[in-house]
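Protein chains: 2
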Amino acid sequence: MTELGLIAAIKEMLGPAGGRVLVGPGDDAAVVRAHPLAVTSIDTAAEGVHFDRATHSATDIGHKAMASALSDLAAMGAQPGEAYASLAMPGDLGGDEALALAAAMADLAAAEGFTLAGGDVVTARSLVITVTVVGWADSEQELVRRSGARPGDVVAVTGALGASSAGLLCLEGAPAGVEQDTADRLAAHHRRPQPRLAAGRALAGAGASAMIDLSDGVATDAAHIATASGVGLAVELAALPVADGVTEVARAVGRDPRVLAATGGEDYELLFCAPPARWADVQEAGRRAGAPVTRLGVAEGAAGLRLVGADGRAIEGLRGYEHG
Amino acid sequence: MTELGLIAAIKEMLGPAGGRVLVGPGDDAAVVRAHPLAVTSIDTAAEGVHFDRATHSATDIGHKAMASALSDLAAMGAQPGEAYASLAMPGDLGGDEALALAAAMADLAAAEGFTLAGGDVVTARSLVITVTVVGWADSEQELVRRSGARPGDVVAVTGALGASSAGLLCLEGAPAGVEQDTADRLAAHHRRPQPRLAAGRALAGAGASAMIDLSDGVATDAAHIATASGVGLAVELAALPVADGVTEVARAVGRDPRVLAATGGEDYELLFCAPPARWADVQEAGRRAGAPVTRLGVAEGAAGLRLVGADGRAIEGLRGYEHG
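Taken in order, these protein sequences are the chains called G and D. Using our numbering, read the first sequence as starting at 1 and increasing by one per residue. Using our numbering, read the second sequence as starting at 1001 and increasing by one per residue.
Hint data in this document are derived by calculation from the structure and do not stem from the laboratory. Being a predicted model, the structure only gives us computed values, none of them experimental. Glycine included, every Cβ here is placed at the ideal spot set by N, Cα and C. Warning: the hint list may mix true and false statements.
To be clear about the criterion: a stretch of chain D counts as covered by chain G if any three or more of its residues have a C-beta under 8 Å from a C-beta of chain G, and this derived list gives those stretches [stated by the list, open to error]:
{"hint": "1", "region": "1061 to 1067"}
{"hint": "2", "region": "1075 to 1086"}
{"hint": "3", "region": "1114 to 1122"}
{"hint": "4", "region": "1173 to 1187"}
{"hint": "5", "region": "1244 to 1254"}
{"hint": "6", "region": "1271 to 1285"}
Residues on chain D that point at chain G, a partial pick, calculated with CB under 8 Å [as the list claims (entries may be wrong)]:
{"hint": "7", "residue": "A1046"}
{"hint": "8", "residue": "D1107"}
{"hint": "9", "residue": "R1125"}
{"hint": "10", "residue": "I1212"}
{"hint": "11", "residue": "D1213"}
{"hint": "12", "residue": "A1239"}
{"hint": "13", "residue": "T1294"}
{"hint": "14", "residue": "D1311"}
Examples of chain D residues lying across from chain G (beta carbon under 8 Å, computed) [said to hold, decoys possible]:
{"hint": "15", "residue": "T1055"}
{"hint": "16", "residue": "D1072"}
{"hint": "17", "residue": "G1312"}
{"hint": "18", "residue": "E1316"}
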């Protein structure tokens, strides 16, 4: 396949004009019918930093790049919109791999209700993928920022934590004593994270006051909410929902499972706050959206994040995964 | 400067919330008040392909990446909006260079009325910059597509051509007999192209029927309008406005200046069509926007691009610059 042929094949994966997309691929820019508010994020994944071609297939790489971008919109509670993807490809990326990577991006976008409305494909010295996602809202009240937490709010999280970082440990060499099925399942979490878009909208609608996606881990991301909201968040380490198999992997490598769950990145679950009066609604909304929520602690007056151990004492020095 | 310090410094260059930007940097996504139509393009520049750090300063690279993205919106006639920039940086890019690159992007965006509303900064194995630009329109009638040319329309171009490709030749080693001042001026055109945003809006408002920005050269880009519009475009090579100094450089390297002007890429001028009845208005609009326009030929019934030589015969085989 020639480079131009490859570019043409990838461009055919872009959604045609239709629905809200008035001008699709094939013009200088896409033209889309807007809602009153545009919610936009740009996110880049680079080989050797965010993924490794030795352990991630082209499909994994495309999926993860799109998932990571969409997760930012999940954390805002935005309605689905459009994705724009750029693929900077080195010469040793095969045509079939490039097509699989682009198809994985298009598939995940479509599954979440987004139209892949534009893109760029260029030659480069290393594989770098950038995804810009645009979601929509009809009013500011639909959206949840990081800054809305108030003292007394419940602090909670969707799903379970630690699967992605345990999966990465398994990819780097299955720890002794961990069953292959467990290692494979955890590795799949790392390779193909699922953004929580439906849950994000449901939690926003049910009254979440502040929200962030867990890309770097609770220890880092909860601190972002604390800072942006000017409140303290007291999170009990023992309350963290640890994903199946994480305990097994953590013990095999001599780490505390709950510390792994608190500091491991790329789970792409949602950490959020909600007023106590909305807690029952928020629980129900998460459950209906397929994302059961767990109470982790409470927002207090003193600013900053306080991770509390089983003995009731604060744990110092825990820091999330920095991936870029 | 630590990597996190650098990221923080670059993030500070992002415009704060204000005006139409309700949520700026520091949340999971930017939130912007929309117009009825969003006009969006994503554009990537990679080192070794679109620029070379040996011949382009960090400021050149940032400027050019932003200019190339904005030029797509110029060709649509969109109103200014927001830019979102991703910087994938190798370890050998110094902190000062990264800051200069980001500042050049922010400066050009601001000069054209765009807010740099979001970004991402990651480590990578090679330097890759992706810019997503969002412009706005209040109705479809404000915008110009590639597909609106009709038989009988005038074909025209803004500014003068060939300066960027002549400048690239000068960067690769000043051709013998070309004065240094000329070589420097042309090299500056290559390094810091100016997108034609004001001219694009003016031409759209004055009645342009189809428009494209000249990233690959007339020989390729005019063919895109011909294909999208289902018309033929007869362009007289002799009519091409050749930029000052291009003739000197072309002769020094044994090339025809007009062929260089027709096939050289990255001039970022606008090629457009307009009904004969609107030609006077379009000329005046270009002049007022600081972009004098030159008539190149006419749209006809037979599809495709026909480049016509001084002898009235079609010139075959000319193809624009493919930059990635």
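Numbers of unmet hints, in rising order: Failing hints, ascending: 1, 4, 5, 6, 8, 12, 13, 14, 15, 17, 18.
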